Amino acid sequence: MRAYVLHRLWQSALTLLGVSVFVFVILRVLPGDPAKMLLPEGAPQSAVEELNRQLGLREPLIVQYGIFLRGVFAGDFGQSFQYRAPALRVVVERLPATIQLALAAMALTVALGVSIGIAAAVRRGTCCDYAGTALAVLGQSLPNFWLGIMLILLFGVALRWLPTSGFAGWRHLILPAVTLAAFPVALVARLTRSSMLEILSREYIRTGRAKGLTERAVVLRHALRNAAIPVLTVIGLQIGTLLGGAVITESVFAWPGMGKLVVDAIFFRDFPVVQTVLILSATAFVVLNLAVDLLYTVIDPRIRYS
Amino acid sequence: MTAAPTGSAGTRLARSPMAVAGGFLLVLVVLASALAPLLTESDPLKPSFGRRLAAPWGLGGSAAHVLGTDNLGRDILARLLYGGRLSLVLAASAVLIAALVGVLLGLLAGSAGGRVDALVMRVADVQLAFPVIMLAIAIVAVVGTNPLALVGVLALSGWVLYARTIRAGVLAIRGLEYVEAATTLGASDLRVIFRHILPNVVAPILVIGSSQFATMVLLESGLSFLGLGIQAPRPSWGLMLAEGRDYLSNAWWLATAPGLMISLVVLGANLLGDGLRDLVDPSLR
Chain A
-14 MRAYVLHRLW
-4 QSALTLLGVS
6 VFVFVILRVL
16 PGDPAKMLLP
26 EGAPQSAVEE
36 LNRQLGLREP
46 LIVQYGIFLR
56 GVFAGDFGQS
66 FQYRAPALRV
76 VVERLPATIQ
86 LALAAMALTV
96 ALGVSIGIAA
106 AVRRGTCCDY
116 AGTALAVLGQ
126 SLPNFWLGIM
136 LILLFGVALR
146 WLPTSGFAGW
156 RHLILPAVTL
166 AAFPVALVAR
176 LTRSSMLEIL
186 SREYIRTGRA
196 KGLTERAVVL
206 RHALRNAAIP
216 VLTVIGLQIG
226 TLLGGAVITE
236 SVFAWPGMGK
246 LVVDAIFFRD
256 FPVVQTVLIL
266 SATAFVVLNL
276 AVDLLYTVID
286 PRIRYS
Chain B
109 MTAAPTGSAG
119 TRLARSPMAV
129 AGGFLLVLVV
139 LASALAPLLT
149 ESDPLKPSFG
159 RRLAAPWGLG
169 GSAAHVLGTD
179 NLGRDILARL
189 LYGGRLSLVL
199 AASAVLIAAL
209 VGVLLGLLAG
219 SAGGRVDALV
229 MRVADVQLAF
239 PVIMLAIAIV
249 AVVGTNPLAL
259 VGVLALSGWV
269 LYARTIRAGV
279 LAIRGLEYVE
289 AATTLGASDL
299 RVIFRHILPN
309 VVAPILVIGS
319 SQFATMVLLE
329 SGLSFLGLGI
339 QAPRPSWGLM
349 LAEGRDYLSN
359 AWWLATAPGL
369 MISLVVLGAN
379 LLGDGLRDLV
389 DPSLR
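So the sequence lines, in the order shown, correspond to chains A and B. In terms of this note's numbering, the first sequence opens at residue -14 and continues consecutively. In terms of this note's numbering, the second sequence opens at residue 109 and continues consecutively.
Hints are not guaranteed to be accurate.
[Claimed, not checked] Sample of chain A residues at the chain B side, in silico, Cβ under 7 Å:
no., residue
1, THR0
2, LEU15
3, ILE47
4, VAL48
5, SER126
6, LEU139
7, TRP146
Keep in mind that the hints were calculated from the coordinates and are not lab data. Keep in mind that this is a model prediction, so the values were computed, not measured. Even glycine gets a Cβ: it sits at the ideal position worked out from N, Cα and C.
Sequences are here, hints too, so could you generate the full structure?
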């Protein structure tokens, strides 16, 4: 058990190191002259020289990477010139809005996705099953930017029931959260269905029924608990989908989170902010998936170490 | 379905109505884009300011512009048909490149093992840690929005799936007797890999490829929607959607039509992928 935890920790640390190399290559090596890119357009030559010196851009790449990594560890991601403030602070200020949106979408994913999946599996082959499956296929096929716009058209423009942009209270959260959740809800519903179907055909389920357990107890207590394992991994992996989806959803609904920030930052060529968002979101993904993996060993005593 | 699938590929395919329906949808959209000049006489690029925001035919518009016109008076049907061309070619090229790179790296990792394997798999982990769209945004911002760069970004986001699947397949097959027999008979490593291992892991590649085509179309139109993909005045579904967003209250068809096209393609590719998966691995049903 301890060996497994240590192994996963080591793996995650390596991945994070790789993340830093990747970001370094994209934003410092790919562009020919990073100092020019990291500065606002029309910056004086003296500022370019100053940044060159500061980032060690005249040094060999490996030394530059060392300087870059030291900055990251010290929480120094450079200055956002769009906001004239440390890039890290600019990004962190936008985090609560994104987290709120992601949590709402995650709640929808778990609640709706798992219940649709269970309902379809328990009533396999009925119209309930087909409806659920059709809904799930549809949910995976609608582009979220289009779904968002159609929701705006229906509930905002035509019916005038809900606000369609901005960030002021829970009513503003409904449309963006539904938009962001559509894809993961569909995915989780399908996965829950197939996972439940597999478990429901097992012998111990028949034993449970034979000894007179109610259907409810069989499904919820005995089947769901075992079917939850693959579902849990996929939910963990959806953190990436949610962070990525937030980029588009936030842009559609003018939601002032990290995703909208990064899109705006591109148009202002605010690369310190882009770099910060990339590193933070990759780190969040790695850490949360590590947590899911470790959570496994608690939920499923069969998984120990491998 | 427990019996092993038999018969020719055609008869097997016919057993999956999902795959057939999906394939049909895809072929339909591809044909419509390819035959655009035959299907419409309108120019997708030529503005006509006298006919701005004309409604679709049957909703107050004329048959000259069946789906209406956009904010510059351009025919929406023509833009939809021509707009599919670049999107579909970009997505298909990205899938092919991703599959090629992924399969080669997967074969390499699975056959070489040891450090090479560990390195490839760690790189895959790193790749997966970034939300695809954010990675794409950062790269496009640095290297620009030309179509080649777009294909590169899309392909970069897709190789991991193939590599992991192929690697697992190679590991499972490598120890089998027929592979050992081939090695004993003096077949070179390369021959074993390409002649004996690759053909047996090819089915999942097709499944991944067709589902991934859906993802690539979504990703490309998402980037174009954000203004980071195909650039105006080229017609592109994502871009048309973004332009239509400003006219929701008085010309809702501008944003509706391109979204429907994207959904059709993605639905088709998803159905095809699911159907193929059922055929390849009936236990997942």
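Output the indices of the hints that this structure fails to meet, ascending.
Per hint list: 3, 4, 6, 7 violated.
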